[in-house]
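Protein chains: 2
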Amino acid sequence: MAFKAKMERSAKKKGSNIILALDLEARSTRTLLLQSIKLLETVHPYVCAVKLNHHLILPLGLFDGVQKILKKTIAYELPTIMDCKINDIGNTNRVIAENYYNAGFDAVIANPFVGWEEGLEPVFEIAQQKKRGVILLCYMSHKASWEGYGQIVKKDDKKQLPQYVAFAQKALEWNADGVVVGATYPEKIKEVHKILNDKVPIYSPGVGTQGGVVQSTVEAGARYLIVGRTIINAPNPEKAAKQLRDTVNRVKQ
Amino acid sequence: MAFKAKMERSAKKKGSNIILALDLEARSTRTLLLQSIKLLETVHPYVCAVKLNHHLILPLGLFDGVQKILKKTIAYELPTIMDCKINDIGNTNRVIAENYYNAGFDAVIANPFVGWEEGLEPVFEIAQQKKRGVILLCYMSHKASWEGYGQIVKKDDKKQLPQYVAFAQKALEWNADGVVVGATYPEKIKEVHKILNDKVPIYSPGVGTQGGVVQSTVEAGARYLIVGRTIINAPNPEKAAKQLRDTVNRVKQ
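So the sequence lines, in the order shown, correspond to chains F and B.
Residues in the first sequence are numbered consecutively from 61, following the working numbering.
Residues in the second sequence are numbered consecutively from 61, following the working numbering.
Hints are supplied without guarantee of correctness; some may be wrong.
Stated by the list, open to error - Label-pair distances were calculated between CB atoms; the ranges are:
hint, chain 1, residue 1, chain 2, residue 2, range
1, B, THR89, F, ILE97, 22 to 28 angstroms
2, F, ALA86, B, THR91, 30 to 36 angstroms
3, F, GLU185, B, LYS259, 39 to 45 angstroms
4, B, GLN275, F, ARG69, 37 to 43 angstroms
5, B, LYS259, F, ALA86, 37 to 43 angstroms
6, F, ARG310, B, GLU247, 52 to 58 angstroms
7, B, ARG310, F, LEU221, 26 to 32 angstroms
Claimed, not checked - Output of the computed footprint for chain F on chain B, the stretches with three or more beta carbons under 8 angstroms from beta carbons of chain F:
hint, stretch
8, 102-115
9, 153-160
10, 200-207
I should point out that these hints are in silico values taken from the structure, not numbers from a laboratory.
Using N, Cα and C, we set each Cβ at its ideal position, and we do this for glycine too.
Build the full structure now, drawing on both the sequences and the hints.
Structure below.
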């Protein structure tokens, strides 16, 4: 099954559009692994997928500790996304994607800024071969996002447009499985959603700790909410995840 | 000693401006590690630094196999650069930089596209605390580099300029330890060198296999040549490294 369909099935089955971002920090790798596993055990009923990034890959090792986490996500039938923000030359991008797919991830996140030829083309090729997903960055959640993602760029035909609009157009052209737009910028979600309609789903990080609000994010057109610190650092992560899931479901109605 | 000075000292001491890029591929992690170590053992007299990227980090593990490689580079007194092309939000960028610096790397490569506030600011902060380096991408060596690095962008004052010029200006403003400009685009090296003069050295990947030519790259203003496949895949890597070193030194005179 293709990644986009896998995500839809999981969201429907779990009745949730929340993706747990396991972006943890801990003093020891042992604690880091134990906390990640514990979070998965308590939070898994309320989420439809899990996202990992370098917070876990670097200290735990992709083919070492991370495998124990992926074993859990498989047991819970949760699709996994590797938030590696691929942005190297094609030869290296291919190696990165192969490693993450071979390790068990269902999708990778990549930066369209790197372009197609000898850039992301090999990533999309391997994704298609292995029936995995590629999600593209479109507008990130942090303050300086305007510097790159928000800048005005010129197209070949001398037309001017915001960078994130150019990226959304590339997502359509390259047949991406999703785009990332920060929940801290609901007006950008709305604009991107107008371009993509429901052809390419919007993944939105940044609700809670970073300042994004569930209602405006979902109403603007975000399909999946990627949530890390708001669940992870909550006094009761299980309760926080459940509340987030319920809030999204209420707004969707 | 600061990273920029460390690189200058190493280049002078070794009489070489070649940086070995250990971007290897192998069927097993055991072979990958053995080949990397063997390359270092034969090539180290002809290079002034070593660059690693995800080719080794993902299969070998940063705190596992990669440590054996870093033990060798320390023994050979070769500064090490982690080509991780950091481009996440600040909180994650900080964790990435901390991991690589704590693992023993002297510098990281980052993408200025992510911007400053809640972007690369924490990376530069930690680099300064730990006296390590940050090298910024300016124009990459692959074919699609024009899509992002070569696009025309508008500044606040409505002035238009190429993206790589904007990145070179950020490198000065942020006091970066170096910029990356592909050897496949010597005219871009020349332009960037005019902006940076000798304040920020240019690191240039892409000679040989990717099509860049040593003479035009060095004459355009590149200080360090990052070389991977041209050495790695040579019938005699030692000879290839020595020849490259000598060619650069001849052109420099």
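So is the stretch 200-207 of chain B in contact with chain F by the C-beta rule, three or more residues under 8 angstroms, or is the coverage claim wrong?
holds (count 8)
Quick check on a hinted range of 22 to 28 angstroms for THR89(B) and ILE97(F), using CB atoms only.
24 angstroms, holds
Is the distance from the Cβ of ARG310(B) to the Cβ of LEU221(F) consistent with 26 to 32 angstroms?
47 angstroms, violated
Is it true that GLU185(F) and LYS259(B) lie within 39 to 45 angstroms of each other by Cβ?
41 angstroms, holds
In this structure, is the beta-carbon distance linking ARG310(F) and GLU247(B) contained in 52 to 58 angstroms?
At 57 angstroms between Cβs, range holds.
Proximity test - 8 angstroms, beta-carbon atoms, the stretch 153-160 of chain B to chain F, at least three hits
Answer holds; 4 residues pass the 8 angstroms Cβ test.
Do the beta carbons of GLN275(B) and ARG69(F) sit within 37 to 43 angstroms of each other?
57 angstroms, violated
Please test the hint of 30 to 36 angstroms on the beta carbon pair from ALA86(F) and THR91(B).
33 angstroms, holds
Cβ-Cβ distance between LYS259(B) and ALA86(F): within 37 to 43 angstroms?
40 angstroms, holds
Residues of the stretch 102-115 of chain B with Cβ under 8 angstroms from chain F, three needed, outcome:
Result for this restraint: holds, n = 3.
Hint violations for this structure: numbers 4, 7, all remaining hints satisfied.
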